[in-house]
Amino acid sequence: MPLKFPFRARRESYPPDLWTQCPGCGQMLFNKHLDRDLRVCAACGHHFRLTATARLAQLLDPGTFSERDEGLIPVDPISFVDSRAYADRLEAARTATGLRDAAVWGFGSIEGRRVAICVLDFGFMGGSMGSVVGEKVARAAEGALAESLPLIIVSSSGGARMQEGTLALMQLVITLGALDRLRAAGVPFVSVMADPTTGGVFASFASVGDVNLAEPNALIGFAGARVSAGTIADELPPGFQRSEFLLSHGFIDRIVHRSALRAELARILGYLAPAGGGSGSGTREASRG
Amino acid sequence: MPLKFPFRARRESYPPDLWTQCPGCGQMLFNKHLDRDLRVCAACGHHFRLTATARLAQLLDPGTFSERDEGLIPVDPISFVDSRAYADRLEAARTATGLRDAAVWGFGSIEGRRVAICVLDFGFMGGSMGSVVGEKVARAAEGALAESLPLIIVSSSGGARMQEGTLALMQLVITLGALDRLRAAGVPFVSVMADPTTGGVFASFASVGDVNLAEPNALIGFAGARVSAGTIADELPPGFQRSEFLLSHGFIDRIVHRSALRAELARILGYLAPAGGGSGSGTREASRG
Amino acid sequence: MVDRLLGLAKQAEHPPQAAPAAPPDPRATVWASVQLARNPRRPHTLELLAELASEFAELHGDRLFGDDGAIVGGLARIDRFRVVVVGHQKGSDTEENIRRNFGMAKPEGFRKAIRLFELAERFGLPVVTFVDTPGAYPGAEAEERGVAEAIARSIGAMTRLRVPIVSVITGEGGSGGALAIAAGDVVIALENAVYSVISPEGCASILWRTPEKAADAALAMRMSARDQQALGVVDVVVSEPGEGAHVDPAETARRLRAVIIEYLTTLAATPPDELVALRARRYRSLGAFQDLGPGPEPTPVERPGLADRLRRAFEAGSRTLGDTIGGRTVGGRDQREDVGRLQEDDE
Amino acid sequence: MVDRLLGLAKQAEHPPQAAPAAPPDPRATVWASVQLARNPRRPHTLELLAELASEFAELHGDRLFGDDGAIVGGLARIDRFRVVVVGHQKGSDTEENIRRNFGMAKPEGFRKAIRLFELAERFGLPVVTFVDTPGAYPGAEAEERGVAEAIARSIGAMTRLRVPIVSVITGEGGSGGALAIAAGDVVIALENAVYSVISPEGCASILWRTPEKAADAALAMRMSARDQQALGVVDVVVSEPGEGAHVDPAETARRLRAVIIEYLTTLAATPPDELVALRARRYRSLGAFQDLGPGPEPTPVERPGLADRLRRAFEAGSRTLGDTIGGRTVGGRDQREDVGRLQEDDE
Ligand SMILES: [Zn+2]
Ligand SMILES: [Zn+2]
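Taken in sequence, the protein lines are chains A, B, C and D. Position 288, counted from 1, in the first sequence is what my numbering calls 288; the numbers after and before it change by one each time, with no gaps. Just add 1000 to the spot in the second sequence (first one is 1) and you have my numbering. Just add 2000 to the spot in the third sequence (first one is 1) and you have my numbering. Just add 3000 to the spot in the fourth sequence (first one is 1) and you have my numbering.
Bound-form chain A, shown alone (with noise of 0.2 Å):
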């Protein structure tokens, strides 16, 4: 079952005939060629950001994705207005993304080998984790435990919603408490960090993968720079809160270009997740790590 969305397609920032210029270089890409190479420049190597429907389309193999939960919709719990309601920032985020929220979940495969998978969409309020985004990774933990599949999340955020309060906090909770279940069951799972994964979804879900990979120069950080350098009067560290400097801090096992990414999930899941059950590996077992 292909992706579909039932609302407008998202009006495509970047029209093929027209240029974009890289915030990493200065350089003018013709967008036709910034689509061919997965949104990445060819002269710097910058990773742009990518729609959960781009993203799914570069990672799957083609017509396998079939979406789950796709009707999970957000509410206004507490009924939240700064400059404007939270009811009507849904709003134009579902007309600009034709997405209900930032998280899609459901199964797929990656070089035939399949798996649960969930990715965020920074262009849905800032990838930014309410109920259903929490929701859709709990159900996407859980679904992959049902299936025994592995389970990889692509994250993009800049953490809990604000506009559902504590309820977006408690996220953190019913997500971890998914993936915990998962760990304990012995089912892999892989986290992706994409520009940006900051505050509480790189404080639940996607600190916590058996294998953690991010794209390069990826922003990842709890307290956002800013507020960590207002907060706080400290020099910040070359390269602070990117993707090298969570690696070289140990909590990253790779960096990977985005051209890599689908053959070294492949790659990864070939050992976590042997087709075949792994005739050639030790004697497998649930147990506890």
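Derived from the structure by calculation, the hints contain no laboratory data. Hints should not be assumed to be uniformly reliable.
[Claimed, not checked] FRET-style restraints, in silico, Cβ to Cβ:
hint, chain 1, residue 1, chain 2, residue 2, range
1, D, R3099, A, A85, 24 to 34 Å
2, C, D2025, A, S148, 28 to 38 Å
3, D, E3212, B, R1267, 50 to 60 Å
4, D, D3093, A, S259, 29 to 39 Å
5, A, T95, C, I2261, 52 to 62 Å
6, B, S1259, C, A2269, 32 to 42 Å
7, A, E244, B, G1112, 54 to 64 Å
8, B, G1026, C, E2096, 29 to 39 Å
9, C, E2274, B, C1025, 37 to 47 Å
10, A, S66, D, E3051, 37 to 47 Å
Think of the CB as a built atom: it goes at the ideal place given N, C-alpha and C, for glycine as much as any other residue.
Put chains B, C and D with the ligands on the given structure of chain A with help from the hints.
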């Protein structure tokens, strides 16, 4: 069964009618008073090292100690000779201490609570761990496991015993394996680090207590301070490798004055191994931490 | 079991609140709570323990990097219960505040908490946590040592812990740094405690573009203890003496102690499997969304659920909604079937 | 099962050693091995993996503090086996040596190893470790971050791991820093590898009061691979091509690969409970002592055990005792009954 040593009793280096100079403050201490003060300087609090006999006498309820495996004696597995043969060093240590090796273990009571206890004696070749010490620590853990009694180990050791070569090194595996089985069974282990606790003893059983206690100002470290300073030209931080340094770096739960150690052990065991099965505590089960 | 807890939550709310004389300005009211929650004379974990517990043996260190003064923990005796306590500790003066980093934990604080949680589980000891922090330390060294990972691991440990966990929000429940030790089976809050996904100043800076609007943000986020109770995030609110906990720490501790003991009593009788399953259910119910079901066409008909009930409740303007909605909010998810693979033997 | 492993150990020692032409000076011989073990051109973990494994995906970091270049690890495919590899990595030039800290791991290196061991267990992957280090880093920062605790935890993790562990001493087996990743079900050593409780220089400094006596210390500690095989610490010795591994890394890797595959094959067929029990037995047998039994009077009659057999063997002056004593030494403990509470179903 009281503690009994088959060999000639250790010649006390501090006859009770003489004085000892405190290395902490330089004061002359009357030995009788020093003994009364549990061999702690009344002026500056310097903790003198204790023999295994004195340590057991201080910690256990009188007359409750029953030694186990007192028949284990070292051999000279690699015919080690430096300026002196290992066999000769063993003989000299035996004569000086009345011990067969640097560890004594058995069962006893602390404030009426039965425990398995193993103590090291620095006087026997620097408390070094060869095969006998490793075996006794392992048997103490197994004794604790068999009787579901808490285990206490009081360390005072320079580390692995070079004269037994890699067989001494293997005692790290032997002791840690036995302690891991104890941990899996939910039987508590309290490690007490006395001066000094270094090298292979610190890198094995002494580090992994459910609760780690230390006497004040004990030397505790992996590489000897001289080795460490000599090998790498670091400026050593103040208090390097002393109890307080270890506390601030997160490896010790509490620093306990010798006069409080017995009560402190009883108090902690009151939580981890409550007499009467812990009616007030939650459901008790042997879960793997 | 859920009913038992719910019943308990209602009873435990003692002494009953007197009805407010005049309808207060809700913005001023919540901001007053924020100020009280931050009052430096407010009793913190160690001050409360001195009154609550008959014995406390502090345990130090994460066994990895350091001993974080912003989170304290150890073995304590509360009435007939032997427990492991973990709590934030702010200072009561400048010197102590610096030493305690104003209650803002670094990764080593959360990793100490994890170590103590696992110690508690290994020896079958219930856990009691006291939550009072502006948030995790936002400095560069905390980022370097993985503060987000440490928070995630701590929450994860709490979700699987096979012993009871009673969490008490005593002051500021600041975001992930609070939640890291607040994911209990039951969440108690002092009357003037606050709990929010981000500090009101942070929220105001981002959404109102000025920290001056912090009181507005506090109101919009419904961060008061009573509003959190209405949401179901807090189970029971314990009233404070006089103008606030700081005027009578001993009485505050006495009131908390009674509620903690009631919950420990109930939870200690719950088998570990059930405990873990109920805890998972508790948090899973704390999400507000609708499910339109599969199919390409949206069916925007809202079922009356948690969200509706909350909206109606909040629109009524009451500050003490918890009373009307009940100690724990479990609605809105009743019609849903797939709450995970939990054993729900007694339902 | 023990017999199976013993038989395998004997077979696996290929190609057979040619008898030495003239009796060599044992002190010079062991010191030559120390020099070869330290030869900067000797292949280290990554160089060996390039030949041994058809695929290697390095995984980084301890999830706590940093990524230690002195210990590498990841997922590898060796023949038909998918395994987790952990190994020391020295540099081949000055720049790399500085980056790799000369193969001296800090706490984060050992904690990365623990993380990978647990990953291996969770997914049922056998572990292969490559050991080549002067020792753990002895600097102040390693002490501050608990290098001893990290080593202890790593060894502890290996004792309980429910997957096969094949350890290979490829160069310097330096004390606790080596053992931290060397506590395998089987320990293979290259012919010129060395293994000791302390560096020969360190031993000489303490016991001879001068590092100049390092060669004497090396001999006294019996640190050559063959002597370690005689002790039972090493199970099988793999000969090196030509003057040593560095002259033909590919051939060295080829020979190691065959032995590793043989052991992986045997161990993969062993149920996890048995694996853990056999591993415990293996190490428990590596202690040399006598038991005079209870009673106040010593009975100094030595039973012929491991110690006697070793003493006789070493006094014979042979460098290749492993051949005569066998691949694994399990004697000396045969009469003892209390080897722990292990399941010994097949004995
Ligand atoms: Zn560019
Ligand atoms: Zn003194």
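query = Is the hinted range of 24 to 34 Å satisfied by the C-beta distance from R3099(D) to A85(A)?
reply = With a Cβ separation near 54 Å, R3099(D) and A85(A) fall outside 24 to 34 Å, so the hint is violated.
query = Are E3212(D) and R1267(B) spaced within 50 to 60 Å by their CB atoms?
reply = Holds - the Cβ-Cβ distance for E3212(D) and R1267(B), about 52 Å, lies within 50 to 60 Å.
request  = With 32 to 42 Å as the target window, see if S1259(B) and A2269(C) comply at their CB atoms.
outcome  = holds (41 Å)
key: 37 to 47 Å as the expected CB spacing between C1025(B) and E2274(C), which holds or is violated   = violated (59 Å)
ask   = Does the hinted range 29 to 39 Å hold for D3093(D) and S259(A) at CB?
value = holds (31 Å)
inquiry  = Looking only at beta-carbon atoms, does the pair E244(A), G1112(B) fall within the given range of 54 to 64 Å?
reply    = holds (59 Å)
ask   = Between G1026(B) and E2096(C), does the C-beta distance stay in 29 to 39 Å?
value = Between G1026(B) and E2096(C), where Cβ atoms are some 35 Å apart, the hint holds.
inquiry  = Is 52 to 62 Å respected by the C-beta to C-beta distance linking T95(A) and I2261(C)?
reply    = Because 53 Å falls inside the window, the suggested range holds.
query = Does 28 to 38 Å hold as the CB distance between D2025(C) and S148(A), or does it fail?
reply = violated (56 Å)
inquiry  = Within 37 to 47 Å: is that where the Cβ-Cβ distance between S66(A) and E3051(D) falls?
reply    = At roughly 43 Å between Cβ atoms, E3051(D) and S66(A) fall inside 37 to 47 Å, so the hint holds.
Comparing the model with each numbered hint stated earlier shows that hints 1, 2 and 9 do not hold.
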